[in-house]
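Line by line, the protein sequences give chains D and P.
Position one of the first sequence corresponds to residue 1 (this note's numbering), numbered consecutively onward.
Position one of the second sequence corresponds to residue 1 (this note's numbering), numbered consecutively onward.
It cannot be assumed that every hint is accurate.
[Unchecked claim] Residues of chain D clear of chain P, computed beta-carbon distances all greater than 12 Å: (1) Q279; (2) R415; (3) F465.
[Claimed, not checked] FRET-style restraints, in silico, Cβ to Cβ: (4) P:I42 - D:C387: 55 to 61 Å; (5) P:K96 - D:I368: 15 to 21 Å; (6) P:I41 - D:E371: 16 to 22 Å.
[Claimed, not checked] Listed below are several chain D residues computed to face chain P (Cβ distance under 10 Å; list not exhaustive): (7) Q30; (8) E31; (9) T202; (10) N225; (11) I244; (12) P248; (13) D276; (14) R278; (15) N306; (16) P326; (17) V328; (18) D339; (19) G363; (20) D369; (21) G374; (22) A436.
What the hints contain is simulated information worked out from the structure, not anything from laboratory work.
In this text, a Cβ means the ideal position worked out from N, Cα and C, and glycines have one as well.
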Amino acid sequence: MSLKQFILDLRKRKEIAQTGGGEQAIRKQQEMGKLFARQRITSILDKDTFHEYDMFVEHVARDFDMEKKTLAGDGVIIGTGTINGAPVCIYAQDFTVAGGSLGLMHSRKICKIMDHALQMRVPLIGINDSGGARIQEGVNSLAGYGEIFYRNTISSGVIPQISVILGPCAGGAVYSPALTDFVFVVDNISKMFITGPSVIKTVLGEDYTMEEIGGARVHCEISGNAHFFANSEEECFDQIKALIGYLPKNNQSKSIKIEPKAPKSRTKLEAIVPGDPRQPYDMRDLIAAVADDSEFLEVMEMFAANIIVGFGRMNGETVGFVANQPMVLAGVLDCDSSDKAARFIRFCDCFNIPIITLEDMPGYLPGIDQEHMGVIRHGAKVLYAYCEATVPKITVIIRKAYGGGYIAMNSRHMRADFVFAWPTAEIAVMGPEGAASIVFKKEIESAVDPEAMRQAKIKEYKEKFANPYVAASRGYVDEVIEPADTRNRILHALEVSKDKTVHRPDKKHGNEPF
Amino acid sequence: MTSSEITTFRVFIAEYKTTLTTKFKNRKKWFPPNKNHILSIIPGTILEVLVSERQKVKAGETLMILEAMKMANRIVMPFDGTITKLHVKTGDIVPKRHLMIEIKQA
């Protein structure tokens, strides 16, 4: 055989492997609005940067006539490439090959690229589209999942891990995404659940669709399992690229600095926020007025909207914003918003991203349902995350900072590096209405006109205590600033915190309130 | 998801103007547990009902078998008393927190 023939033979083998489950299967995917696994990878990566490995891997199942079947690449594609020039490792399950089911070699391929990502300290992107465990491979299949979970866990906090759900992801398979940092879903395409419609039907006699149990909306709005919602795969890929742009490659490096741009938003900060602390405004307008180029990539936009978390840039460098949203549930902390904030704070701390906290909240959500759901242990996650974080931590108190909420939202006492307050800030043990009613209970009750007395006492309390100056007099607030100076103060604080160093006692790890 | 409708929302004594989330609006109201109600603690199928209405039963006696997650669970009488009402029969599929039996303490 001439060399040319060897080459032609190789090309032919590659061509066969690259067609996955065949044209008909690919077309069936496309009819559901789904791209072929290979197209998904090339759409996410920079043009012509994808390099595939293990294309010729074959399954090793020998039972149930499996030895007679060949499965292209064993139903998964792995490789490396770049996104905006930054290297990533990537894998995509191929639903056209045996339903993307996970067998031994399939899992070994995923593990290979995961090991590579960890060793090379580059982000990992996993595209999930699989019917689940390959039943014919039995316990080998389960072993495969376990090996993936182990790697997800060991890589956590070392490299950013991104999961993209572009099809079914059921049973044990959901736990790999759940262990990663960010989960992307697409409406009508993504389905994640532990027990599907047939099991629920058998056990409960209740009929639910996959969409109702674990569709994209469910996980973005109700369960909080997913972080980014898209209407199409293309939109999803754009979101992934945007996110990667904000992240460092690993926990030893910093995110790429880009040319700093002033905020586009020309709205004056004092025009955004009403003076009456009971009137709402959209906190995102304030972030837009502070962040570089008014750019903000919100994480978990649809879940627990009473708190806002996401990435922006200050002086060209990535920062994480954590901000109460007075527009939703008055910006209270509750179980869901605590979980959301705590996990985001920990991500930022893992990857050297400074945290900017914008505070305007009346406290914790009162209610027996919250207490029973464990608002104590969920709320504790926020405290733990802030206290534990060693990245630069800057707080700006816009208006309300009451009680436990004041402490929780990155207060000086939990080692904020800088605490600024607007003159509108009300830093107090509770809202003036409640405090006055308790402190002046006797005077109010014995007054000729109790309501008039109550109002008078509220006013008195407000003037004395509902301001930033009591806290400033103790040094809990570093500076009371004019709203217009907010961005400059944050920029300066970040600049002087660049080489922040914190020493902690030796320990294996803490025992955070999971 | 959040509705755009601004409403009045009470936190302790103060009232705030804000919007509510669908999840918040759909939250379940809580009722204190009734010791005379035996509820299913897990969804499953009634394999066998061993008592009838008005029957006197001693604490610890098995009232019924609820099969759930491939396990036959014995549902036992919490105190000496009477069966006042049976809400399920053999073969019924019950969801979680479903009222199965009403009882009365002796």
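Violated hints - listed by number, lowest first: Hint check: 1, 4, 7, 8, 10, 11, 12, 18, 21 fail, others pass.
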